[in-house]
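Residue numbers (the working numbering), protein chains in the order written: chain A, 1 to 250; chain B, 1 to 81; chain C, 1 to 150.
Some hints here could point you the wrong way.
[To be verified] Lysine-lysine pairs mimicking DSSO-like chemistry, simulated, CA-CA at most 27 Å apart:
hint : chain 1 : residue 1 : chain 2 : residue 2
1    : C       : 90        : C       : 62
2    : A       : 42        : C       : 62
3    : C       : 141       : B       : 24
4    : B       : 80        : C       : 141
5    : C       : 143       : B       : 80
6    : A       : 2         : C       : 62
7    : A       : 2         : B       : 24
8    : A       : 2         : C       : 143
9    : B       : 80        : B       : 24
10   : C       : 90        : A       : 42
Hint data in this document are derived by calculation from the structure and do not stem from the laboratory. A quick note: this is a predicted structure, and the numbers were derived from the prediction, not measured.
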Amino acid sequence: MKFLGLIAVLITGGLMLLASNDFPDWADSESPANNKADLSQKYVTDTLELTEVPNMVTAVLADYRGFDTMFETVVIFVAGIAIIAVLRPVNHDYSLPQPDDEDPDLIVLMTCRLLIPVIQLFALYVVAHGHHSPGGGFQGGVMLGASFILYALAYGLPKALVRLSEKRAITLAVIGILIYAGFGLATQFLGRNFLDYGVLYKIMPGVETEAWARSHSMLGVEIGVAFTVTAIMFAIYANLSTRGRLDRGL
Amino acid sequence: MILAFDIITLIFLVVTALIALRVKDLLAASMVFGIYSFLICLLWAQMNAVDVAFTEAAVGAGVSAVFMIATVFQTTRRSKD
Amino acid sequence: MNTALLADLEVAQHINYWVYIVLMMIGLYAMVSKNNLIKKLIGMSIFQTAIILFYVSIGVKKDASIPILDHHIVHEYHHPKDGSTPVPPKIEPDDYANPLPHVLMLTAIVVGVSTLGVALSITQRIYAEYDSLEEDEIIVKVKDYGGHHG
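All chains, full assembly: derive it from the sequences and hints.
Structural data, given as structure tokens:
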């Protein structure tokens with residue numbers, strides 16, 4: 001079996017190496033993906049004028065390809081639910097050696113007490129500043145979720161579950177998706193297509209042009225993504241490290 | 001591209017991938033997988049893909065390695081292969 | 001060693017692609033032939049990140065900057081020097097890296113970590129049922145139990 005696998009892998013690798021002779025040169029400006037594709041060039045030249053967002057990647061992610069990002073958020077949510085569903089009904093008729101119930105380590109405790117507020121502040125900055133610097137909803141959400149995981153590692157999982165219990169985490173995740181879909185429904189009620197943010201300048205206070213309405217809606221949508229990602233990352237960790245029982249963590 | 005930097009990082013990448021698959025201790029394999037994620041993040045930062053590098057640094061080395069270590073501690077640490 | 005001459009070699013244009021293909025094949029071989037379940041998952045992750053690496057490398061341009069517009073261009077657009085109508089700035093697409101592969105690969109990384117989480121939870125359930133993480137032992141035990149277990 002292993003030998004057959006090796007032969008299959010070698011044949012596939014050999015064919016791909018032969019095909020790589022036809023690839024364009026490295027970092028070529030004239031390659032088909034860079035030059036002949038008018039769409040990417042239009043993304044580069046028209047983003048500032050149409051959406052008032054200097055970061056082209058965030059503009060394409062949240063506005064031009066907004067459907068993709070919405071369903072990516074739904075995929076994260078479904079993964080969290082699936083992990084809970086797979087791990088929850090576990091029969092308890094055997095036992096693994098549990099870590100003994102001792103006081104948390106002093107050095108880890110003091111260091112985490114200094115680090116966690118700074119990490120959370122930086123994560124919120126990354127979410128809010130995604131229009132002007134690398135970042136955005138997903139990166140900030142993962143860092144915020146990682147700060148909760150750090151809290152669970154330092155102080156113990158029961159104390160972290162007091163702050164963000166599983167019910168609250170799932171509620172937060174659902175609120176994130178509903179924010180995203182709510183923006184889309186609001187644009188539909190105002191007469192245009194789903195997730196066509198330009199028309200929202202009619203109901204936003206202090207916004208005159210369509211470009212600024214798109215910029216602010218992108219921020220709202222990124223906040224929704226950040227909520228979902230935070231909650232689900234912590235819920236996945238809580239379930240994986242206790243095999244669904246949520247009693248004692250790593 | 002800076003050729004020397006690229007070649008050395010790619011060699012490290014292949015070596016790290018091979019090590020992650022060969023060690024018998026599963027905890028060490030998860031750690032080396034985290035190192036692999038960091039090296040790929042470095043490559044992307046050199047390729048001017050800063051958003052992708054940011055995401056990979058947060059996800060691959062922060063969250064993915066933690067999930068693997070949590071699973072290894074709930075199952076078993078030795079592997080026969 | 002003169003790196004400028006070295007970078008003009010014919011093989012140097014394609015050597016990156018060869019390494020990506022080698023990485024993909026390492027991941028694929030690990031998924032097919034390793035016995036341990038966690039090693040299979042590590043192989044799956046290596047395969048996914050190698051594909052993302054290859055895809056992002058399509059959008060690289062020579063002497064280009066990151067796909068974020070500079071602060072001066074934005075400032076000049078919002079506060080024009082003379083006259084009152086802001087003129088949209090003239091941006092050269094060759095100065096910036098291609099943003100489209102970056103966007104697609106952000107979604108791919110996210111989906112990859114979700115898949116890894118679900119796969120790890122299934123691995124934990126398998127260990128709870130059959131008490132082993134090696135594929136051949138699990139197959140033997142499944143045949144032994146034959147549906148009368150649990």
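Going through the hints against the structure:
{"no.": "1", "hint": "C/90 with C/62", "in the structure": "holds (20 Å)"}
{"no.": "2", "hint": "A/42 with C/62", "in the structure": "holds (19 Å)"}
{"no.": "3", "hint": "C/141 with B/24", "in the structure": "holds (23 Å)"}
{"no.": "4", "hint": "B/80 with C/141", "in the structure": "holds (17 Å)"}
{"no.": "5", "hint": "C/143 with B/80", "in the structure": "holds (21 Å)"}
{"no.": "6", "hint": "A/2 with C/62", "in the structure": "violated (42 Å)"}
{"no.": "7", "hint": "A/2 with B/24", "in the structure": "holds (19 Å)"}
{"no.": "8", "hint": "A/2 with C/143", "in the structure": "holds (21 Å)"}
{"no.": "9", "hint": "B/80 with B/24", "in the structure": "holds (7 Å)"}
{"no.": "10", "hint": "C/90 with A/42", "in the structure": "holds (12 Å)"}
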